[in-house]
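Participant: Sequence:
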Amino acid sequence: MTSKVNNQNAIATYAFAHQHHVKQFIETALSSIIENISTLTEWEKFKELLEKDHKLVAEIFEAYLTRRVKTAEK
Numbered sequence: 355m356t357s358k359v360n361n362q363n364a365i366a367t368y369a370f371a372h373q374h375h376v377k378q379f380i381e382t383a384l385s386s387i388i389e390n391i392s393t394l395t396e397w398e399k400f401k402e403l404l405e406k407d408h409k410l411v412a413e414i415f416e417a418y419l420t421r422r423v424k425t426a427e428k
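In my numbering, the protein residues as written are 355 to 428.
These aren't lab readings, by the way, just hints derived from the structure by calculation. We put the beta carbon where it would ideally sit given N, CA and C, even for glycine. The reader is advised that the hints may include incorrect statements.
What the hints assert, rightly or not - Keeping only pairs whose Cα atoms sit at most 20 Å apart, straight-line, the calculated EDC-like set for lysine to aspartate or glutamate is: (1) Lys377 x Asp407; (2) Lys399 x Glu389; (3) Lys428 x Glu389; (4) Lys358 x Asp407; (5) Lys399 x Glu427; (6) Lys406 x Glu427; (7) Lys399 x Glu413; (8) Lys409 x Glu427; (9) Lys406 x Glu396; (10) Lys401 x Glu413; (11) Lys377 x Glu413; (12) Lys358 x Glu398; (13) Lys406 x Glu416; (14) Lys424 x Asp407; (15) Lys424 x Glu405; (16) Lys377 x Glu427.
Said to hold, decoys possible - Ranges of calculated distance between the beta carbons of each label pair, as one might list FRET restraints: (17) Tyr418 x Val376: 33 to 43 Å; (18) Glu402 x Lys428: 28 to 38 Å; (19) Thr393 x Thr425: 29 to 39 Å; (20) Ala366 x Glu416: 33 to 43 Å; (21) Ala426 x His374: 31 to 41 Å; (22) Arg421 x Asn360: 14 to 24 Å; (23) Glu413 x Ser392: 10 to 20 Å; (24) Thr395 x Thr425: 15 to 25 Å; (25) Asn360 x Lys406: 27 to 37 Å; (26) Glu402 x His374: 26 to 36 Å; (27) Tyr418 x Gln378: 28 to 38 Å.
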């Protein structure tokens, strides 16, 4: 099921997984979001999430920045 997560459904999957505490889906969706972060603001689902749940948006960017720092440290 996690293999079906892509940049078109990652935001919805991430929000759903958070709501239902499904860690595997959270990680998979977050990875997809981060891989496509350069186009994130163009996604309609991101715009909806931005209006509805600022906390999840902050978590996405926090995860992105954390991964960037870890990559830079290597």
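Participant: Hint by hint, work out which the structure violates, then give me just those numbers in ascending order.
Facilitator: 4, 5, 6, 8, 14, 15, 16, 17, 19, 20, 25, 26 and 27
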